[in-house]
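**Student:** Generate the whole structure from the sequences, applying the supplied hints.
Each chain is listed here by its residues.
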Amino acid sequence: MNATPRRLALGVLTILITVVAAVSLLTAQDMAADYPIDWWAPSQGGTLPAVLHLDNPSGTLGILNTSGSLDTKGHPFFEPLGTNGRACVTCHQPAAAMSVSAAMVKERWRKTSGKDPLFAAIDGSNCPSLPQAKEASHSLLINRGLFRVGIHWPPPNAEFTLEAVRDPSTCNTDPVWGLKSKNPTVSVFRRPRITANLRYVTSGDAPFNSKTGELTDLDPDTGRHVAMNLMADARAATLQLQAIDAALTHLQAKAAPTAEQLRRILDFENKIYLAQSGDRIGGLFSAPNAPDGLGPAALEHGQPGLGDNLKLPVFGLFDVWKDLSKSPGLTDAQKEFRESVARGAEVFLLRPFWIRDTANLNDTGPGNPVKRTCTTCHNARFTGMDLAPGFIDLGTNNYPNWTEPGLYSESGSLPVFKVTCGKSAPPHPYLGRTIYTTDPGRALISGKCADVGSIVMPQFRGLAARAPYFANGSAQTLGDLVDYYDTRFDMKMTRPEKSDLINFLSAL
Amino acid sequence: MIRLSLAIAVLSTTLAAQQLSFVTCPVVRDTKTVPCWLAEYEGELYYLGMQEDIDAAWFPPQQSHEVLVEGTVQPGPRVCGGIPLSPLFTSVMPELTRSCNTVLPAKDEIPAPAATRPPVTHPMEEPSSPPYIARDFTVFFDFDNDQMPARSTSVIASVAAWAATVHATSLQITAARGAALLSDGRVLNESEVIATRRANKIARLLKGLGVPASSLSIRIEDTPAKPDGIHDPATRRVRIIVQP
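Residue numbers (this note's numbering), protein chains in the order written: chain A, -14 to 493; chain B, 700 to 943.
Keep in mind that the hints were calculated from the coordinates and are not lab data.
For every residue, glycine included, the Cβ atom is placed at its ideal position computed from N, Cα and C.
One or more hints might be untrue.
[Said to hold, decoys possible] Just the calculated beta-carbon pair ranges, DEER-fashion:
1) Asp835(B) to Gly53(A): 58 to 64 angstroms
2) Glu920(B) to Thr479(A): 35 to 41 angstroms
3) Ala833(B) to Lys403(A): 46 to 52 angstroms
4) Thr479(A) to Asp754(B): 57 to 63 angstroms
[To be verified] In the EDC-like style, the derived pairs of lysine to aspartate or glutamate whose C-alpha atoms are separated by at most 16 angstroms in a straight line are:
5) Lys356(A) to Asp752(B)
6) Lys731(B) to Glu808(B)
7) Lys356(A) to Glu794(B)
8) Lys731(B) to Glu794(B)
9) Lys96(A) to Glu199(A)
10) Lys408(A) to Asp752(B)
11) Lys403(A) to Glu148(A)
12) Lys906(B) to Glu199(A)
13) Lys296(A) to Asp277(A)
14) Lys307(A) to Glu285(A)
15) Lys356(A) to Glu751(B)
16) Lys91(A) to Glu199(A)
17) Lys296(A) to Glu331(A)
18) Lys256(A) to Asp277(A)
19) Lys165(A) to Glu148(A)
20) Lys408(A) to Asp841(B)
21) Lys403(A) to Glu199(A)
22) Lys96(A) to Glu120(A)
**Tutor:** Dropping the structure here:
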């Protein structure tokens, strides 16, 4: 195992603090320098400690296994289950908050010349039919951390037709893998979700989707309704179904994992909690008087539920960091960072702005536009997800608010689909019946025109360890992410507000 | 259902007041707190309601869409700069109208009204005992829309629970196609497919809640109801009759 457990070195912190004192408005992300990237290879064996701290650009990620240390040798999460040499851990790396970062992928390409199973043709390349030895054939994974997700086309009762009008990946127009192939398939490209804190992600069993009035999906084993917050399009009702789907597709297994393998995978996933546990500037979050919502231990005993902006906020209270002017034992830089995080929490919770034209939000009751805050959508305690089934068309996928270049630009790297909705179908509430999208999202499962572009929002934990952001990997930094929201919703954030919000997000 | 029925009864008895029905762009007015919603008709601003949350009894309209406003003018002071309408029904028109995007700035002299609408509650049915008789449930919809907020899905949950309690032999779903008579004399009919879509949706929900498919039957009234400009919101409905 390359990943050596370590805590932040105080000496390094002291040097960094000295530097930071001179550049007060720079964020933790801006300060990112070279940092070691650790890689956990399938079958490498070794023990995953009960408590693990791993460096990342902003500081340290903490991982807590509530079952104690784990011998990974022979464990199905850490061993190849399929034919391409990958294990679950290939795309759910501890050092990247149980996901993968683009920086990590780049480094892996450099070290292995693309031979690592991570780059398996099936989904680690833009299309399996491309020449696999070429780096360009894996550009979406290397540059944006995106894996190809092939979804059968069309879904049952599809209300729309789909045409690939531009396809840099080549896969949607490919005669073997494409939309018009023998097995018609839509290829979209998405970031892997983190396999931790899942007690929160899967919480909820309401029979009705409070947004749409439709019934929520059922757990086929228990018959209970599920939260529908797994995967970018909520296509897997349960962790077990997700694991089977991943084994058969991403790992190219010839059969589903055995019941015992599934039990061990799920048992592991359900016991893992992670969160940023320290900052290169701000120090360790476990120190006395730290906010109660930071660090992985905060998640171990927390109760899932809806956050309350004033009493029980989504990520807890940050009052203890609001004014550190009289706090002994902290450097000026530490005080400044922590106070910035506390201000960022207030921006997140309390700064109102107009949220408009966001399908599966504005059209579900609050009105369009609605004057609310970030927590209107990011309302689930500890994760910042949406307690209601959280697929929302923020705009990242759909023209004109998408994150990609202009509609007719040749410089875009994602496929562009033209969606044409049937005349009798309810149209997309803000885009009508003709939509250009890089990923139809939930609509590929529901078949609904109104769902085109909607994506289940991911959780906010361990962000600093797993750039880039958004399901399409378009935001290379947290600054890019904040800038997108600022533009999309005309928030008119000040530079200090942005810095505070970025520092807050980096501390989660 | 009770809320709508009462509202329509009140509406009928207040005909002396001016009943308005019109389609227009909704206008949002910012305030120092939460925004409020207005609609302009023949040079006058009418107050529709204020922003609340998805548990509220009334949902604000959607900009980028026109809104059908059906309400009765109320005497008294303006609210948020508009003449209040009550009872009030608003329906988001399905097709896009991108020019509907007016946001009025906050003004010191126009405060946000206090939230007056109590949260909607969805009490569960009291247990009943045999002998059971046929029971009628009604779900109302916005114009040309099949969306079902919590106040509607709670009716469906009650239907399913009642059907299980009485071991229902049949559930007759009757979906009507509504219409609206506007104040300018025009008539708006709901789309031809809307009644079928509503009925199928309710059947699907009931089946998902455990009602046997074999007990469900669907009847579509696809001739639009004759609108009178007063009771029109009640024409956009699905009735479910549960036979023990």
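**Student:** Enumerate the violated hints, using their earlier numbering and listing them in ascending order.
**Tutor:** Checked against the structure, the hints that fail are numbers 2, 4, 7, 8, 9, 10, 14, 16, 18, 20, 21, while the rest are satisfied.
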